[in-house]
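So the sequences go chain by chain: A and B.
The opening residue of the first sequence carries number 1 in my numbering; numbering runs sequentially from there.
The opening residue of the second sequence carries number 1 in my numbering; numbering runs sequentially from there.
Simulated from the structure, these hints should not be mistaken for laboratory data.
Think of the CB as a built atom: it goes at the ideal place given N, C-alpha and C, for glycine as much as any other residue.
Mixed in with the good hints there might be a few duds.
Computed from the model, here is a short list of chain B residues facing chain A with C-beta under 10 angstroms [claimed, not checked]: (1) Thr49; (2) Asp114; (3) Asn115; (4) Gly183; (5) Arg185; (6) Ser188; (7) Ala190; (8) Thr194; (9) Gln197; (10) Thr198; (11) Ala206.
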Amino acid sequence: MSTEEQSLITTEVQTENTTRTDRPDETVLESRGLDVHYGDERALSDVSIEIPEHKVTAIIGPSGCGKSTFLRSINRMNDQIDACRVDGELYFHGKNVYDDDVDPVALRRKIGQVFQKPNPFPKSVYDNVAYGLRVQGLDDKLDLDDAVERALRGAALWDEVEGKLDSSGLDLSGGQQQRLCIARAIATDPEVILMDEPTSALDPVAASKIEDLIDELVEEYTVVIVTHNMQQAARISDKTAVFLTGGELVEFDDTATIFEDPADDRVEDYITGKFG
Amino acid sequence: MSSETDHDLFADVDLGWEHRKNRIFLGIIFAASMFGVVMLALLLFDVATDLYVGLTEYNINLVDFLTRDGSRREELSGFRGAIVASIMLMVLVTFLAFFVGVGSAIYLEEYAPDNRITRLIEANLANLAGVPSIVYGLLGLAAFVNGVGMGPILLAGAIALGLLVMPIIIVSAQEALRAVPDGVRNGSLATGATQWQTIRNVVLPAAMPGIMTGTILALARAIGETAPLIMVGAIFINRMPRGPFDRFSAMPTQIYNWANEPSQHFIHLAATGIVVLLSFLFVMNLIAIYIRHRYETEI
Chain A
1 MSTEEQSLIT
11 TEVQTENTTR
21 TDRPDETVLE
31 SRGLDVHYGD
41 ERALSDVSIE
51 IPEHKVTAII
61 GPSGCGKSTF
71 LRSINRMNDQ
81 IDACRVDGEL
91 YFHGKNVYDD
101 DVDPVALRRK
111 IGQVFQKPNP
121 FPKSVYDNVA
131 YGLRVQGLDD
141 KLDLDDAVER
151 ALRGAALWDE
161 VEGKLDSSGL
171 DLSGGQQQRL
181 CIARAIATDP
191 EVILMDEPTS
201 ALDPVAASKI
211 EDLIDELVEE
221 YTVVIVTHNM
231 QQAARISDKT
241 AVFLTGGELV
251 EFDDTATIFE
261 DPADDRVEDY
271 ITGKFG
Chain B
1 MSSETDHDLF
11 ADVDLGWEHR
21 KNRIFLGIIF
31 AASMFGVVML
41 ALLLFDVATD
51 LYVGLTEYNI
61 NLVDFLTRDG
71 SRREELSGFR
81 GAIVASIMLM
91 VLVTFLAFFV
101 GVGSAIYLEE
111 YAPDNRITRL
121 IEANLANLAG
131 VPSIVYGLLG
141 LAAFVNGVGM
151 GPILLAGAIA
161 LGLLVMPIII
171 VSAQEALRAV
181 PDGVRNGSLA
191 TGATQWQTIR
201 NVVLPAAMPG
211 IMTGTILALA
221 RAIGETAPLI
231 MVGAIFINRM
241 PRGPFDRFSA
251 MPTQIYNWAN
261 EPSQHFIHLA
271 ATGIVVLLSF
281 LFVMNLIAIY
291 IRHRYETEI
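Using the sequences provided together with the hints, build the complete structure.
The following block contains the structure:
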């Protein structure tokens, strides 16, 4: 697909606000020849990938293979790192997010992120969820109440915190904190949610709740999830990308294909546990 | 029989001398840590005795002492002017040093790139924190009292003290900001907040207890400083300052002044003044400890 065509889609989305379901299997994120360096060290090497809308795309690979780096380069959180340099292109609805006229703050309002370690703010449950809306200028109490409830329901947390919206988000359990962070990310209604090993700091029960939640989230959002748990990737994702050491994308295909019949021998070795 | 085997099992290990070395070392470091406590106790005892003698033999009335200004006549002399001057100094120092200090800390921790200029600024601040206080007094005298022509007024003293404590406020605020986990910064930025929104809504509230604690301790240092105030001419004044542009003598300079008097009555007035000054420091430290304790479990 050419850039021109994708640009048309972008304008269409912005002006007519077409619902996502009208365009099934549309590519929402696309990287072309993406290189990321930290100082002299190469973290990502020539990554080209097309991530479909309303699907769960899992990124797996051994430690230090650039999974998280790739995720952070999507919403430009890498900008926070002084030594980080990004080359190549990364398109969001056909717009290169590294163009000069793209404001990373605006980009992050459309692409939310959930981190490895639950990181609620030292504020009340309510203020945590309302945070994104408030920084975007919403301050009507009724609208905020609505949005907070919707986000907490969306994150499958409402029933557990309904009576204690004013207590600190830090008083919740680890799994609840992570769902609170998911609520915070979806409260502003982004299009894409990036998840960086969201269950690795949680116990198995809390982790399986997050997995169930991801299954529901994908109805409304596009989910890109980094995980080092291959069973998790196999369970929850539609597409799987395998990165190997050196920041190289080795294979990207339907999850079933990756786990049952990978084309690349190295992927097969990695999945069957021969290395990594 | 079995106890004999147990005994034999470790017979070849002789740890007697090693354990004795442990005990000797423990004794030495315990004595070292008690040294400060003993010295503080001696100091407090000395001040308390002087206060007691002052109250009984020289009939110093604490109410009169706190509600009268200084005077050439020892029996009419009080501490009110000095207390008021010190409180005004503290308020002015807070205004002068807090915003500049916290502002610099925010810049250095949250915005400044890690390059040579930033490192140069930080090295300079560290050096500044080590400059003797009398040098700030000289600066105040040269630049503000004489240079700008302010004269020996309270504002000049406040500027000298403000410059003195600013590096301390900057360094403690930097530490407080550094203690805020990056996770909450990233969480805020990833939610689509700008850097300033992140700092204002998430980072500063989390760092504020630490910043407040550092600032109060810095002010406690400022309120006890004598040398810079003597340099800017805060001495030989007995009455209460009427504002920041009035001449003044603060608590430590008034104590210094009294202690130089030949009369024993004045010496005991000085001791009473020291008790008042120490009470101020004690209360400020308590507030700092309370704030730290109250909020330390938050993150």
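- What hint numbers does the structure not satisfy? 1
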